[in-house]
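Top line first, the protein sequences correspond to chains A and B. Numbering follows this note's numbering, with no gaps: position 363 of the first sequence is 363. Numbering follows this note's numbering, with no gaps: position 159 of the second sequence is 159.
Incorrect hints may appear among the rest.
[To be verified] From chain A, some residues computed to sit far from chain B (all C-beta separations above 12 Å):
{"id": "1", "residue": "R49"}
{"id": "2", "residue": "A113"}
{"id": "3", "residue": "A216"}
{"id": "4", "residue": "L227"}
{"id": "5", "residue": "G261"}
{"id": "6", "residue": "G295"}
[Stated by the list, open to error] A few chain A residues that don't get close to chain B, going by computed Cβ distances all over 10 Å:
{"id": "7", "residue": "T45"}
{"id": "8", "residue": "A52"}
{"id": "9", "residue": "A77"}
{"id": "10", "residue": "Y85"}
{"id": "11", "residue": "L96"}
{"id": "12", "residue": "G105"}
{"id": "13", "residue": "R148"}
{"id": "14", "residue": "K171"}
{"id": "15", "residue": "E179"}
{"id": "16", "residue": "D204"}
{"id": "17", "residue": "R233"}
{"id": "18", "residue": "L318"}
{"id": "19", "residue": "R331"}
{"id": "20", "residue": "S335"}
[What the hints assert, rightly or not] Covered stretches of chain B (in silico footprint by chain A; criterion: 3 or more residues with CB under 8 Å from a CB of chain A, positions within the stretch not fixed):
{"id": "21", "stretch": "108–120"}
{"id": "22", "stretch": "124–135"}
To be clear, the hints were calculated from the coordinates, so they are not data collected in a lab. Glycine residues also receive a C-beta, built at the ideal position from the N, C-alpha and C atoms.
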Amino acid sequence: MSGVEARFIEARFKGSFGSFSLDVAFTAPAKGVTGLFGPSGCGKTTVLRCVAGLTRVADGTLKADGAVWQDADHFLAPHKRAVGYVFQEPRLFSHLSVLDNLQYGLKRATTQAIGLEPIIDLMGIRDLLARSTASLSGGERQRIAIGRALLSQPRLLLMDEPLSALDRQSKNEILPYLESLPRALSIPILYVSHDLTEIERLTDHLVLMENGRVLAAGPLTALLTDLSLPLARLPEAAAVLDLTVETHDAHYDVSQCRIDGLPFFVPGRLGPHGTRRRVRVRASDVSLATQQPSGSSVLNILPARILSSKTASPSQKLVLLGLAGTNGETRLLSSITRKSWDALGLRPGMALFAQIKGMAMVDR
Amino acid sequence: MWQAIWLTLQLAALTTLILVALGVPLGWWLARSRSLWVEPVAALVALPVVLPPTVLGFYLLVAMGPNGPLAPLLAPFGLRTLAFSFAGLVTGSVIYSLPFMVQPVRNAFQLIGDGPLEAAATLRAAPLDAFFSVAVPLARGGILSGAILSFAHTVGEFGVVLMIGGNIPGETRTLSLTIFDYVETMQWGAAHALSAGMLVFAFAVILITMLIARRTGTPQT
């Protein structure tokens, strides 16, 4: 992320709710998805409600969309803020039809830039229009709720764990729609979740929260691989790679992609030429070699450099790698034993090869 | 007898109309406000449920009389008193049936919760807009139940009517008073006919209210 990127949101909220105290300040860019991530009860939802104006803290300032939404003298009512809000539960209006639910915000908006037809196609809900809201499944309801929020012509979309109330199957049904949102709409999204997998798949920037405070904020890839932050110490610690699809080898069903000029292979068909896909690579699936291995079954062997390391446990070492030729911009995490670290004589600054087993990326 | 039935229906209809206009905003306030006054006001509204109708009627009679505290309010309309008039009867009925309107409405609004209203606010609906486009339709079961109960309760009232209305044919002599008169004058047949009619009416009302409650009692989120 370049430092000159337009700040769409500048927020600072301070207040207490019973025994819980909130004291956060963060910014979010005008493009892409900013994740608010942290354990349950850390105050992420409260922050999102403050941005929407549904919760009011006495001591808060909020600048969004080039205007002051809250400061010492102003508090813009929720219905005057151009936000779309997707709650944990769909909160559809049970007295209205699916179509009337979709049009509720649309009728009250001042512009009609986001049309009904494109949203019906985007969310894949054409077949649901004639149904009653009571007959819809959880996943279908949440898709209607997202469509309804988008049709209120928001300049900012707020999503509060929109998948948390759904079963695994419904989650997988909605995720592709969520992934397509940032590209289909040019509005920024604030996405609250306590699920790292969702955050890795959907967000570009991250605000990491703990106990009502901001622990760290920045680009997703940097935070995921920051060895001083708790994310890298999780057993499922991983880095994400944004790939561009080049070709698909039908014979072996392997897609050849490119990451910062380096070839990269992923099993399966990821999409047509030019498609941007994000894969997560777990630290435990990356092994290291000091010399280019030959006769290895590993699909991806990438030249890299050790940026830093951290002893995670008496037996385990976490290694942060920068891929060669990318100025260390593209990072990988590797989790190896301390025994191997010492045996190979590894140290920061050293050039080596990172091996990523292709099958590790099959089940994403 | 038909005069009494007609008068009773007029009284009940007018009372219900006023109660809907009064009870919906009052029920909304009781359901949503965090004011310290909520419970005292709720208790005041509920008083007629436990108070003997004659006590309520007595105080209303005093209040609406020529020397009562309401008299100055009546003067601009050229009225000296509301006692022993149809207008007085309506006033008394409204107060007497108020809890039967307000309670179901308050419950229905409470049952909706914050969810749909917050959703409406984030969809650009101003508070009044959200009240009419979301809250009232979602609480329609409670409002309908309240209206039916108020109507039925007004049709059956006796004590308050007797105290403030007297027993003037065509003006304040309602059904229940007529039944009382029939029994007093030993006209058992007529009393039977009216009473049976009231019994069937009451049963139908309770049944309909329960059916409404069952149909609208499980709101979806």
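Now the hints, each set against the structure:
{"no.": "1", "hint": "R49", "in the structure": "9 Å, violated"}
{"no.": "2", "hint": "A113", "in the structure": "14 Å, holds"}
{"no.": "3", "hint": "A216", "in the structure": "29 Å, holds"}
{"no.": "4", "hint": "L227", "in the structure": "39 Å, holds"}
{"no.": "5", "hint": "G261", "in the structure": "44 Å, holds"}
{"no.": "6", "hint": "G295", "in the structure": "59 Å, holds"}
{"no.": "7", "hint": "T45", "in the structure": "12 Å, holds"}
{"no.": "8", "hint": "A52", "in the structure": "6 Å, violated"}
{"no.": "9", "hint": "A77", "in the structure": "8 Å, violated"}
{"no.": "10", "hint": "Y85", "in the structure": "4 Å, violated"}
{"no.": "11", "hint": "L96", "in the structure": "8 Å, violated"}
{"no.": "12", "hint": "G105", "in the structure": "4 Å, violated"}
{"no.": "13", "hint": "R148", "in the structure": "7 Å, violated"}
{"no.": "14", "hint": "K171", "in the structure": "19 Å, holds"}
{"no.": "15", "hint": "E179", "in the structure": "23 Å, holds"}
{"no.": "16", "hint": "D204", "in the structure": "24 Å, holds"}
{"no.": "17", "hint": "R233", "in the structure": "37 Å, holds"}
{"no.": "18", "hint": "L318", "in the structure": "41 Å, holds"}
{"no.": "19", "hint": "R331", "in the structure": "37 Å, holds"}
{"no.": "20", "hint": "S335", "in the structure": "42 Å, holds"}
{"no.": "21", "hint": "108–120", "in the structure": "holds (count 5)"}
{"no.": "22", "hint": "124–135", "in the structure": "holds (count 8)"}
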